[in-house]
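Protein chains: 2
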Amino acid sequence: MGAQQVSGGGGACAACKHQRRKCEKGCELANYFPSEKMKEFKAVHKVFGVSNLAKLIKANSTEQARHRAAATLTWEAEWREKEPVEGCYKEVQMLRCEIQRLREILARCTCGRSDGYRVVDYSNGYWGLGGGMVILKNNEQQVLVNGITPWNQMM
Amino acid sequence: MGAQQVSGGGGACAACKHQRRKCEKGCELANYFPSEKMKEFKAVHKVFGVSNLAKLIKANSTEQARHRAAATLTWEAEWREKEPVEGCYKEVQMLRCEIQRLREILARCTCGRSDGYRVVDYSNGYWGLGGGMVILKNNEQQVLVNGITPWNQMM
Numbered sequence: 001m002g003a004q005q006v007s008g009g010g011g012a013c014a015a016c017k018h019q020r021r022k023c024e025k026g027c028e029l030a031n032y033f034p035s036e037k038m039k040e041f042k043a044v045h046k047v048f049g050v051s052n053l054a055k056l057i058k059a060n061s062t063e064q065a066r067h068r069a070a071a072t073l074t075w076e077a078e079w080r081e082k083e084p085v086e087g088c089y090k091e092v093q094m095l096r097c098e099i100q101r102l103r104e105i106l107a108r109c110t111c112g113r114s115d116g117y118r119v120v121d122y123s124n125g126y127w128g129l130g131g132g133m134v135i136l137k138n139n140e141q142q143v144l145v146n147g148i149t150p151w152n153q154m155m
Numbered sequence: 001m002g003a004q005q006v007s008g009g010g011g012a013c014a015a016c017k018h019q020r021r022k023c024e025k026g027c028e029l030a031n032y033f034p035s036e037k038m039k040e041f042k043a044v045h046k047v048f049g050v051s052n053l054a055k056l057i058k059a060n061s062t063e064q065a066r067h068r069a070a071a072t073l074t075w076e077a078e079w080r081e082k083e084p085v086e087g088c089y090k091e092v093q094m095l096r097c098e099i100q101r102l103r104e105i106l107a108r109c110t111c112g113r114s115d116g117y118r119v120v121d122y123s124n125g126y127w128g129l130g131g132g133m134v135i136l137k138n139n140e141q142q143v144l145v146n147g148i149t150p151w152n153q154m155m
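If you're matching them up, the sequences are chains V and F in order. Note that my numbering numbers the first sequence so that position 73 is 73, with each residue one more than the last. Note that my numbering numbers the second sequence so that position 26 is 26, with each residue one more than the last.
If we strip away everything but chain V, and leave its shape as in the complex, we get:
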């Protein structure tokens, strides 16, 4: 992602265009919402408002981090537009659902094996750090999940 200042010249950035104002040199949103990102800007504007948006982006010190923050805030806002109740938590729910299904298949896969592997499910947080699924063969142990909210603490 480039960090080039795009406004100040002929074309106003999406933020200034949406607010019908002149896009001055040094406009603080122009780098993240150039004129072609009008749809994205409308979404973040609706969810966060301009001043909160600028504050949340500027809270990060590097230009790369600010661009990434603008991208993740846009992702949140676009989800909230589609799903006014769940927002981007909907994606989390779908991913958790997929994990649950993969775990169920893995459990099925451990039946009928002939090579000594077995899959053990510690998904209720038995091992402290959120638990996870472990595949064991003889003395081999591989912890698969760390740092994720334990399943028994889901919203």
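Worth flagging that the hints you see were computed from the coordinates, not collected in a lab. Note that the structure is predicted; figures quoted are calculated from it, not measured. Just so it is clear, CB atoms sit at the ideal spot from N, CA and C, and this is done for glycine as well.
Which stretches of chain V does chain F cover? Using the computed rule of at least three CB atoms under 8 Å from a CB of chain F, they are:
| # | segment |
| --- | --- |
| 1 | 60 to 68 |
| 2 | 73 to 84 |
| 3 | 92 to 103 |
Mind docking chain F on chain V? Use the hints.
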């Protein structure tokens, strides 16, 4: 989640307390941020601002949907406090990482099976709707994932 109006009496809600104003009967945030939710209110206030927050909650018509919207907005805001760059997209990344690992184990599990099962990975969206992982035995087919952003379109 109850829909009881909690303010108007003695105790101000978290929103009014934080803004040092009297919590009037009919205060529109009192139901979602009662006085004991001060920490949660501070987070949403910082990320969305009071007027956006109230607007995003009221965009939903039932009381149940409004409570749920307040809860998911709080979840987003708390992530943004912890992770100013990624926000709650961090949780999505961790869940995707777990899915990737589970897929890799599943792939290992299909080697050495003696019961005719095989696992096929359509995770690049081959089947249209986001693809997924499929376990097949003879004519049996079970599509496991639908509706999730295809892996090749990840941010």
